[in-house]
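*Asks:* Chains as they are written, first to last, in my numbering: chain A, 163 to 751; chain B, 163 to 751.
To be clear, the hints were calculated from the coordinates, so they are not data collected in a lab. Some hints could be false.
Because identical chains cannot be distinguished in the list, a pair is counted as satisfied if it fits within a single copy or across any two copies.
[Claimed, not checked] When the alpha-carbon atoms are kept at most 30 Å apart in a straight line, the in silico DSS-like pairs for lysine-lysine are as follows:
#, residue 1, residue 2
1, Lys657, Lys361
2, Lys595, Lys220
3, Lys171, Lys287
4, Lys221, Lys595
5, Lys598, Lys391
6, Lys420, Lys244
7, Lys492, Lys660
8, Lys384, Lys489
9, Lys364, Lys392
Listed below are the residues making up each chain.
Protein chains: 2
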Amino acid sequence: MEVTRRNFKECLDTVYSAIEEADFLAIDGEFSGISDGPNVSALTNGLDTPEERYTKLKKHSMDFLLFQFGLCTFKYDQTRSKYIIKPFNFYVFPKPFNRTSPDIKFICQSSSIDFLASQGFDFNKVFCNGIPYLNQEEEAQLREQTEERRNQHANGIGTPSYISPSSSKGPAHVPEEHKVFINRVMFQRKLIYQTLNWKFPKGLHVETIETERKERYIQVSKVDEEERKKREQQKLEREQEELNDAVGFSRVIHAISKSAKLVVGHNMLLDVMHTIHQFYCPLPEDLPDFKEVTMCVFPRLLDTKLMASTQPFKEQITNTSLAELEKQLKESPFRSPQVETAEGFPSYDTAQEQLHEAGYDAYITGLCFISMANYLGSFLTPPKAYISSRSKLIEPFFNKLFLMRIIDIPYLNITGPDLQPKRDHVLYVTFPKEWKTSDLYQLFSAFGNIQVSWIDDTSAFVSLSQTDQVQIAMNTSRYAESYRIRTYAEYIQGKQDKEKSGQTAKTWGEDGWVKPHYTTSTTSSGFGFPRYACTEMYCIFQQDSLAAYVPPALVGRGVNGFTEMTFVLSSPYTGAESTSTLFEVPEVW
Amino acid sequence: MEVTRRNFKECLDTVYSAIEEADFLAIDGEFSGISDGPNVSALTNGLDTPEERYTKLKKHSMDFLLFQFGLCTFKYDQTRSKYIIKPFNFYVFPKPFNRTSPDIKFICQSSSIDFLASQGFDFNKVFCNGIPYLNQEEEAQLREQTEERRNQHANGIGTPSYISPSSSKGPAHVPEEHKVFINRVMFQRKLIYQTLNWKFPKGLHVETIETERKERYIQVSKVDEEERKKREQQKLEREQEELNDAVGFSRVIHAISKSAKLVVGHNMLLDVMHTIHQFYCPLPEDLPDFKEVTMCVFPRLLDTKLMASTQPFKEQITNTSLAELEKQLKESPFRSPQVETAEGFPSYDTAQEQLHEAGYDAYITGLCFISMANYLGSFLTPPKAYISSRSKLIEPFFNKLFLMRIIDIPYLNITGPDLQPKRDHVLYVTFPKEWKTSDLYQLFSAFGNIQVSWIDDTSAFVSLSQTDQVQIAMNTSRYAESYRIRTYAEYIQGKQDKEKSGQTAKTWGEDGWVKPHYTTSTTSSGFGFPRYACTEMYCIFQQDSLAAYVPPALVGRGVNGFTEMTFVLSSPYTGAESTSTLFEVPEVW
């Protein structure tokens, strides 16, 4: 269902009840751009820490506009063994509510706009008919303003708008040639209001009306007392309605949030950040605060890209892009879920791709989730074909958002501390801005295969294949003048010192977060093997036996052949508590 | 005529010949916003200097996109005594030309977008079918790249794109799981090219083709030598054409520039700045350099808003907004010009307003110019009904661009130094950010009428009605703690000192500009009277008699009743030379 400013109000109840009855919700957003600073490969450095990534996305992605929001609700019909879906495609635009409301500026990135244009995106629907919205602070301000105006009106005090309008500190400069005219108009308006109040203290209802075309006029109606009260009441209700109209699309997000339903998205970190930023509050400075806010707005999230990149799916799925994932999940060993579009909703046809329409993408995301959830059921004894979104089987994937292109940290952990892989084979290299990748290959030619992750024009991470090469590289670079090498640990230390001197640093401990447990990786693996300092294990408890998912990076990489390993077991049921345990690793891993 | 990417190439010759044959051109631009910083009243402070205004507009307006460009050409048909017009409405969008071309980011201001939407603006035409463009530097870079590629190809050297692509310093990070695939594809491409060259050194033409959907494939054709050469030639021509396509809309601006025709606009400073910024080069740091660039791009400009605000029009025209101006110039003493739309062009109907479509606004602007020019002919003996755009009567209005809302400087003088009004009745006041206009009225209540021009949250200009009050205000404020008062001269001095210490300062003298001559205003006028240090007079030489326009601000303000006055006469024919002269002022002034 396509929802714009034109039909938003009449659709709202349908949206509310769809959310209310749903088993889970799938969402997707389309934005006016991705990065206003570095190009995407610099924005998503393979060795970013979660903090760095959050800071970069916050700085370089939040000035774009989320202008299409897809919501698809999924409700399981037990009797017919199929999901009933209700897809919504909302067009969103920050149309200024009145003359004093914030005049939002947003950035467009021509490549993103051009891409959406090539997909048949309708920009007129966004810019001409997009649903307005307010974040919570703006909403509170507007409610306060309305309340104030109402009180002043009740007390007979007019707003002294010619002295201090709320939009600016002074009245707009009136050009010399218009002063006489403006003064005459102001006088006239004042005169009309005063004269009417004085001559007809009871028998009149006076109101300023603004038309759609911003023309303002005074409407004077002759009324008896009963009618006057009725009019006042109507005016009050109209004001309330206008206020709700201004809050607009944010009401949908509030409903999603309030429902506390599972919200599924694909590669959803940016969607979550934009949604909070646009409809709730400016994003917090630090990652831990962001996690906290996210848990308030979306208490239960699931990222299908992260799920598809994790065991037991990782081995089966070669490409986790949404379109490819959807295709692969139609094939064995997976099964397409049975879904039916609810009556009154236009049905999507997955054979006719409508990718990058947010409503369609949300729908596809939901399908992927169902297929993968049901696949988990095949591991049970006896196997189950349908796995509810409330099943414990799915919980290990909750609140872990896929981190694009980070080599050794697959996800952002919204409900706890993040993985802290050891990066003792990584060097931080600074050099003249003329250097190219080939210069770095040249420099490290003695160390065999290396991997370069550019940070900016004059710095990059260089991953060596062997940790013991690090000291050799450091030694040989000691007298170099054109470049400089630091270990990854020194780089992080330097960053932290800088932050501390800037007095903006917060550590996990200070924030009440539990510090992760450490175990040292015992295998000396080859190039490309991520070294986890903290290994976390996903577990499925099934009656008395314990099936385990190990992090994707560990599977098939140096683990094969071991029959015993030490893990830090992070139980999804006991929260932050962690215990060390000895565990039998089946040969198949 | 509506021009988009779809029909741009086929329209281009029509555009070129319309410019070539025209007597003058009218232009107008529509932007995605006005100010990304202060609101418009702070952006256009009534006491800005021209330098300050330029700096503010450059800083806060240039990140918006000029996305619709209106051009209307006017050619006078002597035999039929009417103008033949050709209106064009270009949709413009920086569609990235290829994978290495700049990915432009631009800002949208929701109030501007909403305004255009309410006027029926078609955003899909811009974003889906806008004509691309390059500025001169980008064009040069692209030509160089193409040339380089061609030479490498000729010498048999492939671009080592896997080592240093021009878009970034290193190859994009390839996720671990895709590495095998990518390497295989790269190897396959290389293998095909190499094997073909080795096996069929002569009989084949091999080329990489990219489709509209960005799919790339290798096209291999079996050809004889003659055919091969033909194909090579075709490829060369195709490359050249693609390059011209990328330069796109900039070619129209180049044609306008090259024609050196009179270019008319309404309130055109922002149009000129955007046009140069988008299609020529980033705007220079300093105003004098901007003036120089402007004269290169548009050697002859005329701003109808400035013309309408100047004698002899000022007295007749109460509202200089484009829509109102057009209406008033249809009434006596003005006359609507006779115009006819050229065959094959859709004709505009001024009764059915299509304001804020750039093509229509350009058309209306041209009409206003013709009406006003012809009106000047009525002052001649004998009066002339038609005044050509080449007439000397119009020259006094050349290259003076209207300055919005500056109290005492009506225009930016593109071909010389700007007016330097005395501002010795102006105070620069700084105060706590809680202060409102009413606090300033309170503070200066002893001094009668004041005028406040806000600068930012904590500072404003306060204009007193009498210059001799300035010292009193300064004295009484000496021990004030919450606020601080400086004279305007001190404020300017402070700014200059700051600039000098920043080593970015340039003075007029250093830049080779002639310093303006000074005469002291002899009248001690009341509040609101702009005090010119340099008074400039517009002159119309007509045979032996001399008709004069005095600057609008002087007319009817303290001049009435005088029969003699001293002016600095700045002749439009002798350029920067100025002479003092005694002059008889008619009683009617």
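*Asks:* Next step is simple, just say for each hint if it's right about the structure.
*Replies:* Against the structure, the hints:
no., hint, result
1, Lys657 - Lys361, "neither (73 Å within a copy, 56 Å between copies)"
2, Lys595 - Lys220, "both (26 Å within a copy, 29 Å between copies)"
3, Lys171 - Lys287, "both (16 Å within a copy, 29 Å between copies)"
4, Lys221 - Lys595, "both (23 Å within a copy, 28 Å between copies)"
5, Lys598 - Lys391, "neither (77 Å within a copy, 36 Å between copies)"
6, Lys420 - Lys244, "within (26 Å within a copy, 69 Å between copies)"
7, Lys492 - Lys660, "neither (51 Å within a copy, 68 Å between copies)"
8, Lys384 - Lys489, "neither (68 Å within a copy, 37 Å between copies)"
9, Lys364 - Lys392, "within (14 Å within a copy, 92 Å between copies)"
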